[in-house]
Structure formats: C-alpha cells, structure tokens
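Peer 1: Take a look at the letters that make up each chain.
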Amino acid sequence: MMLDSTDRAILNRLQDGFPIAAEPFAEVARELGIAEADLIARLQAMKDAGVITRFGPFLDAAAMGGAFCLCAMAVPEADFDRVAEIVNARAEVAHNYRRSHALNMWFVLATETEPEIARVAAELTQASGHEVLCFPKLQEFFVGFRVAA
Amino acid sequence: MRVDATDRRIIKATQAGLPLAPRPYAAVAARLGMEEAELHERLRALKARGVIRRIAVAPNHYRLGLVANGMSVWDVDDQRITELGQRIGALDFVSHCYERPRALPHWPYNLFAMLHGTTREEVEALRGEVAAILGDACRGNDILYSTEILKKTGLRLRPEKG
Numbered sequence: 179m180m181l182d183s184t185d186r187a188i189l190n191r192l193q194d195g196f197p198i199a200a201e202p203f204a205e206v207a208r209e210l211g212i213a214e215a216d217l218i219a220r221l222q223a224m225k226d227a228g229v230i231t232r233f234g235p236f237l238d239a240a241a242m243g244g245a246f247c248l249c250a251m252a253v254p255e256a257d258f259d260r261v262a263e264i265v266n267a268r269a270e271v272a273h274n275y276r277r278s279h280a281l282n283m284w285f286v287l288a289t290e291t292e293p294e295i296a297r298v299a300a301e302l303t304q305a306s307g308h309e310v311l312c313f314p315k316l317q318e319f320f321v322g323f324r325v326a327a
Numbered sequence: 002m003r004v005d006a007t008d009r010r011i012i013k014a015t016q017a018g019l020p021l022a023p024r025p026y027a028a029v030a031a032r033l034g035m036e037e038a039e040l041h042e043r044l045r046a047l048k049a050r051g052v053i054r055r056i057a058v059a060p061n062h063y064r065l066g067l068v069a070n071g072m073s074v075w076d077v078d079d080q081r082i083t084e085l086g087q088r089i090g091a092l093d094f095v096s097h098c099y100e101r102p103r104a105l106p107h108w109p110y111n112l113f114a115m116l117h118g119t120t121r122e123e124v125e126a127l128r129g130e131v132a133a134i135l136g137d138a139c140r141g142n143d144i145l146y147s148t149e150i151l152k153k154t155g156l157r158l159r160p161e162k163g
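These protein sequences, in sequence, are chains S and H.
Going letter by letter, the first sequence gives residues 179 to 327 in my numbering.
Going letter by letter, the second sequence gives residues 2 to 163 in my numbering.
In short, the hints are calculated from the structure, not lab data.
All of these numbers come straight from a predicted model, not from anything done at the bench.
Ideal placement from N, C-alpha and C gives every residue a C-beta, glycine not left out.
One or more of the hints may lead you astray.
With the C-beta cut set under 10 angstroms, the calculated list includes, among others, these residues of chain H facing chain S [what the hints assert, rightly or not]:
#1 Val4
#2 Ile12
#3 Pro25
#4 Tyr26
#5 Arg32
#6 Leu33
#7 Ile56
#8 Ala59
#9 Thr83
#10 Gln87
#11 Val95
#12 Glu100
#13 Pro102
#14 Ala104
#15 Leu151
Using the sequences and the hints given, assemble the complete structure.
Peer 2: Listed below in structure tokens is the structure:
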C-alpha cells in the first residue's frame with residue numbers, strides 16, 4: 179500500500195492520542211481538514227493493509243498491578259534452540275528476539291507482581307544453565323515515532 | 002491503585018481495538034451494557050491513573066518500509082542521563098528510549114534507544130546522529146539488530162482467577 183501525505187498526517191496525529199468524546203473521528207478530521215468519512219475509510223484501509231497493527235488503548239502493565247522487565251541471556255549457538263524452547267514455554271514471556279550480540283536472546287517478562295520477575299528469571303537461569311540478566315526500566319524517555327510527512 | 006471489575010471489562014472490550022465507526026465509544030458501551038458517559042468517565046480515569054498510557058494507533062514499522070530496526074545502547078554519564086535521554090527520546094527516528102541498569106562487567110550500557118530506518122546503512126547513520134548529540138557524555142555504544150522473532154504474544158489481560 180502506498181501512503182499519501184494525508185495518510186501520513188493521520189498516522190502521526192493518531193500516535194499522539196485519540197480523543198475520548200462522542201464523535202472522536204469528527205474531531206480529528208476537523209483538525210486535519212478532511213471529512214470524517216474519509217478519515218475512517220483511510221484508517222480502515224491502513225488497518226486492512228497491515229500498516230496499522232492496532233488502534234485503541236495502550237496499557238501500562240505496572241499500573242494495572244503487574245510488572246514488566248527486559249531480560250537478556252548469552253546463549254551458545256549449539257544450545258540456542260533448546261534454551262529458546264525453555265524460555266518461550268513460559269507464559270510470562272511476552273516477546274523474545276534473537277539479536278546480533280554476545281547477549282543474543284532478549285525477552286520481556288510480564289508478571290502479576292514485581293517479585294515474580296526475579297523468581298521467573300532465577301527459574302529460567304536454573305532451567306537453561308545460562309544466567310538471565312534483568313534490565314528493568316529506570317526512566318522512560320519515549321516520545322513517539324514520526325512518519326516522514 | 003488497582004482496576005476494578007468494570008475497568009477490566011472495558012479493557013478487555015477495547016484491547017483488541019476500537020471500532021472504526023463514527024461513534025466508537027457508543028458501540029463499546031452498548032456491548033458492555035453501560036451508558037456511554039460512564040465509559041468516557043472511566044476511560045479518562047484510567048488514563049489519568051496511567052493504566053491506559055494513551056489511546057492511539059500503532060504503526061507497523063515493516064509495512065512502512067522501515068525494515069531495519071536496531072536497539073542502540075549507550076554508556077552515558079549518570080549525571081547527564083535524564084537530560085540526554087529526553088533529547089534522544091524526542092528524535093523522530095527513535096520509537097522507544099529508556100534508562101536501564103548496567104550489568105557490569107559484561108554490559109556497560111544504561112541508555113537504550115530503538116532506531117528505525119529503511120536500511121542498516123541508514124540506521125548506522127542515525128546511530129551517528131545520536132553519538133553526536135551524546136558527545137563526550139558517552140563512553141561507548143553498541144547496536145543490536147533483531148535477527149529473528151522467537152516469540153511475540155504482546156501484553157494481554159490474563160483471565161480472571163477463581
């Protein structure tokens with residue numbers, strides 16, 4: 179799908195937040211100077227084409243009483259598949275990526291409570307035979323991501 | 002502060018997405034059997050408490066042609082991490098930016114910034130821009146490209162217990 183400048187303006191505007199109002203699309207469309215029906219049709223097309231993966235509330239696990247932590251392991255190549263299987267089998271693992279570094283397995287733990295992070299990390303260290311390093315978020319500087327307009 | 006049962010129903014009804022219709026909240030409220038005004042009020046409260054970070058779109062970086070994503074990591078002077086982290090987080094090619102603890106001696110990096118570009122060469126150029134901003138407050142850096150997604154289920158509310 180080719181995005182035109184209106185599509186890009188919509189993507190950038192809607193990453194900043196969507197109004198909580200009776201007719202929120204009408205409000206955003208007015209801001210962008212387009213018709214409400216055009217805005218909805220373009221969003222639908224971008225969703226259908228997979229340009230938009232999700233449109234809705236983004237939740238903070240910690241604020242809901244849960245905990246989140248980025249973790250990493252250095253896994254020898256010969257042992258990689260076995261360890262990936264052990265890690266992926268845990269329901270607490272939300273994402274897991276292979277990355278090009280000595281620390282080559284990076285995953286996110288999501289648990290109901292803070293102490294469970296350390297417990298799951300220790301269990302994975304035990305089960306895999308490789309140390310799980312935890313990198314909890316200390317400060318967040320996320321501002322957003324802009325598509326070239 | 003925790004979310005109550007009604008909040009959880011709202012989160013569950015919306016976490017897969019809002020309807021693309023002129024009155025999306027009215028549609029959700031009808032499905033939940035509540036007044037639209039109450040839904041607005043609860044969503045505002047969840048946002049104010051930080052349970053909902055924002056209501057927004059998530060673009061697919063790959064479909065936008067941004068196929069090269071690198072997790073850049075930096076060893077930044079602790080005295081300047083807050084100021085510099087904010088500047089890096091504000092760059093338009095950075096999607097996530099966090100301060101995280103070092104894991105010495107193997108891991109000296111305390112600033113993580115996800116960089117997006119159309120090619121690795123472009124991402125390397127962006128890495129150079131970040132390095133220029135950090136200047137001598139940075140003692141070293143590295144970049145980790147993801148080479149394989151091993152698992153991706155995302156964050157979902159767990160089913161109620163009991």
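Peer 1: If a hint holds in the structure, say so; if it does not, say that too.
Peer 2: Hints versus structure:
no., hint, result
1, Val4, "6 angstroms, holds"
2, Ile12, "7 angstroms, holds"
3, Pro25, "7 angstroms, holds"
4, Tyr26, "7 angstroms, holds"
5, Arg32, "14 angstroms, violated"
6, Leu33, "14 angstroms, violated"
7, Ile56, "4 angstroms, holds"
8, Ala59, "4 angstroms, holds"
9, Thr83, "6 angstroms, holds"
10, Gln87, "5 angstroms, holds"
11, Val95, "7 angstroms, holds"
12, Glu100, "4 angstroms, holds"
13, Pro102, "6 angstroms, holds"
14, Ala104, "5 angstroms, holds"
15, Leu151, "4 angstroms, holds"
Going through the hint list in order, the structure does not satisfy hints 5, 6.
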